[in-house]
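Residue strings, one per chain:
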Amino acid sequence: MNTTTPLRRPLAPTLPTVLLATVAWAAPAAAQAERADADCLACHADLHGQTFTLPSGERLPAWVDGAGFHGSVHGDDIGCTDCHPTVGDYPHRPPTAQTARDYQVQAAEACTTCHFKHATALQDSIHYERRLNGLPEAPTCIDCHGSHAVAPAATPRRATVDRCATCHEDQVKDWQASAHGQAVLAGDPDAPVCADCHGAHGVTDPNTPTAHAASFGVCAKCHADQTVMGRHGLDHRVVGSYLKDFHGASNRIYAALGDAPAEPVASCSDCHGAHTVQSFKDLSEAERADRAAAMCQDCHEGASAGFATAWGSHTPPSERHRPLVWLIDLFYKLMIPLMVLGLIAHILMDLWRTPGHKHPEGHS
Amino acid sequence: MSRRPRIIRSKDGHVLVERFSLFRRFEHTVVASSFIVLLLTGFPQKFADGAFSHWLIGALGGLENTRLIHRIAGVTFVFQSALHALLILWGAVTGRMRMVLMPGPQDVRDLLANMSHFVGRRRHPPKMPVFDYRQKFEYMGMVLGGLLMVVSGLVLMYPVQVGQWVPGEIVLALRAAHSFEAVLAFVVLLIWHVYGSILSPDVFPLDTSIFTGYMSAEHLREHHALEYERLFGDAPLEAVEAEPQPTPAEVSSPARPGPADERHG
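Respectively, the protein sequence lines represent chains A and B.
The first sequence lines up with residues 0 to 363 when you count with numbering that gives the first Met the number 0.
The second sequence lines up with residues 0 to 264 when you count with numbering that gives the first Met the number 0.
Be aware that one or more of the hints could be misleading.
[As the list claims (entries may be wrong)] Think about it this way: if two alpha-carbon atoms lie no more than 20 Å apart in a straight line, the pair counts; the simulated EDC-like pairs of lysine to aspartate or glutamate are:
#1 Lys135/B to Asp269/A
#2 Lys126/B to Asp349/A
#3 Lys243/A to Asp48/B
#4 Lys45/B to Asp258/A
#5 Lys243/A to Glu63/B
#6 Lys126/B to Glu63/B
#7 Lys10/B to Asp206/B
#8 Lys45/B to Asp328/A
#9 Lys243/A to Asp269/A
#10 Lys243/A to Asp206/B
#11 Lys135/B to Asp106/B
Derived from the structure by calculation, the hints contain no laboratory data.
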């Protein structure tokens with residue numbers, strides 16, 4: 000048994016872990032942690048219905064579900080004081096938090112000690128930013144993961160949506176009715192839940208112009224993947240065809256530069272919807288054209304139905320689909336190499352017959 | 000253009016024949032600079048995946064700025080082309096312009112004759128006119144390619160308006176053409192123009208006539224024999240004389256006896 004650390008999980012060598020390791024050197028660590036937890040739970044497991052009062056007047060429960068804690072991912076590894084280091088012996092020091100929310104946010108600081116990577120990702124997120132800027136209910140670790148009864152990260156994907164729904168109810172309802180939501184609810188492991196598009200800890204603001212310009216990359220993660228699309232009878236070339244067309248050609252450059260246009264340039268979700276995304280598979284060519292024309296007018300004032308056909312659709316040009324474009328492609332793909340070869344051949348022959356090379360007397 | 004070209008004598012005694020008027024040299028400068036700017040702002044959009052493209056677009060102040068510069072250069076090219084076309088139209092109507100760059104059947108014969116020379120079936124290359132088939136090919140490429148770029152470029156600037164009159168597929172096809180034609184124009188310029196006016200042993204290290212406006216009578220006799228004969232008949236090079244010029248502007252020969260006097264004196 001490894002006696003150098005009270006924790007069986009690998010830890011980043013931060014100062015607290017080094018100190019803990021040193022302190023724990025003398026005694027079997029798990030036994031020590033268990034004894035400490037037993038001391039705490041001796042009271043707190045029995046404090047049903049009891050609360051403690053914060054300066055704001057809010058009351059928080061003093062009761063801890065000991066079985067729930069021991070059944071959590073942390074149950075065997077860390078003890079009460081690892082996350083509640085400031086309570087001290089009994090009688091406890093009063094909490095410094097003024098409000099219940101302050102108390103929760105402070106408690107979540109303890110997660111940073113071990114989960115450094117996720118904690119820093121969270122600090123780059125829109126959730127963290129909103130919490131610092133006057134929205135205290137913006138989530139911290141324990142709002143999504145729970146506190147004493149932390150569930151394993153490998154929770155069914157479907158259940159992660161419920162955590163987002165706590166605050167983002169409308170978006171989750173839209174998603175549930177969408178092609179993606181329906182597929183997830185039907186058990187499709189490929190279809191996305193919230194975090195697949197937005198990220199989890201590092202979720203950024205999707206409503207900025209920069210995020211909009213780069214948003215095709217979110218869809219491309221799956222829709223440009225031949226294997227995944229093949230499983231669903233979808234065409235993985237849709238992303239490539241978008242990137243070649245007017246809008247994609249612009250947005251790929253804005254995305255590469257981390258830049259955004261003054262007026263947004265259409266991205267996948269502008270035509271297909273984001274949370275409300277629906278399959279176009281069952282639409283006829285004419286229905287798709289009608290929808291495209293309606294969508295063009297959203298941005299291009301005065302766009303006619305004829306103009307809408309300037310959107311080449313996701314089908315690459317062929318002798319049947321956009322034959323004129325196909326012909327021009329073909330013409331230049333033959334013309335450019337032939338031109339290069341012809342000009343170079345002419346130049347080489349000219350050099351070959353240049354006076355001085357082979358026929359010094361040859362010039363007129 | 001129909002006037003007889005100026006013929007002067009340079010400081011070092013060469014007889015020089017005017018090839019490009021000041022206005023033609025101005026046109027070359029405008030076309031060359033707008034062409035280069037169009038390439039530098041267009042290709043990063045075409046090759047949107049390249050790190051160099053991203054760097055260049057960033058250096059130019061972002062995609063919107065890059066497009067603005069592209070359009071300014073494009074409109075400059077449009078005005079230059081329109082002026083060029085109007086002057087040719089005027090020259091054709093009044094009959095005061097020799098259409099020396101207009102290709103004709105003789106150019107095909109010159110090409111075939113030169114090919115026979117290349118493969119050794121003919122001892123000498125054919126006698127060429129003032130602009131030979133190689134130069135006419137490049138000029139006509141510039142005219143026709145330029146026309147396509149102007150039309151397709153304007154369509155791309157006003158797609159919604161154009162889409163009200165023509166099917167969107169035309170817009171899409173012209174976009175493809177604009178993109179491909181740019182590559183074609185670039186490779187022709189890079190290979191043909193750079194060879195013809197820089198790397199060819201005939202002119203290396205540089206054909207300066209587009210900058211000075213003049214070409215030596217010797218070069219003219221060797222490479223544009225028909226024009227030499229038109230100007231000087233069958234006179235040998237030694238007998239060719241410069242016309243008396245009050246002040247030859249481009250190649251000045253300060254206070255000294257006139258060239259004819261010098262040679263005979």
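Structure-based check of all given hints:
Under the criterion of a C-alpha separation no larger than 20 Å, the hint pairing Lys135/B with Asp269/A is inconsistent with the structure, at around 50 Å. The straight-line distance between the Cα atoms of Lys126/B and Asp349/A is roughly 15 Å, inside the 20 Å bound, and the hint therefore holds. Distance restraint check for Lys243/A and Asp48/B: the Cα-Cα separation of roughly 11 Å lies within the 20 Å cut-off, and the hinted pair is therefore satisfied. Under the criterion of a C-alpha separation no larger than 20 Å, the hint pairing Lys45/B with Asp258/A is consistent with the structure, at around 18 Å.
Proximity of Lys243/A to Glu63/B is assessed by CA-CA distance (about 18 Å); at most 20 Å being required, the pair is judged to hold. A C-alpha spacing of about 51 Å is found between Lys126/B and Glu63/B, which places the hinted pair above 20 Å, so the restraint is violated. For the suggested pair Lys10/B and Asp206/B, the alpha carbons sit about 18 Å apart, so the restraint of at most 20 Å is met. Straight-line distance between C-alpha atoms of Lys45/B and Asp328/A comes to about 14 Å, which keeps the hinted pair within the 20 Å bound.
Between the alpha carbons of Lys243/A and Asp269/A the distance comes to roughly 17 Å, so the proposed pair stays at or under 20 Å and holds. The hinted pair formed by Lys243/A and Asp206/B fails the criterion: a straight-line CA distance of about 41 Å is larger than 20 Å. Straight-line distance between C-alpha atoms of Lys135/B and Asp106/B comes to about 8 Å, which keeps the hinted pair within the 20 Å bound.
The earlier numbered hints that this structure contradicts are 1, 6 and 10.
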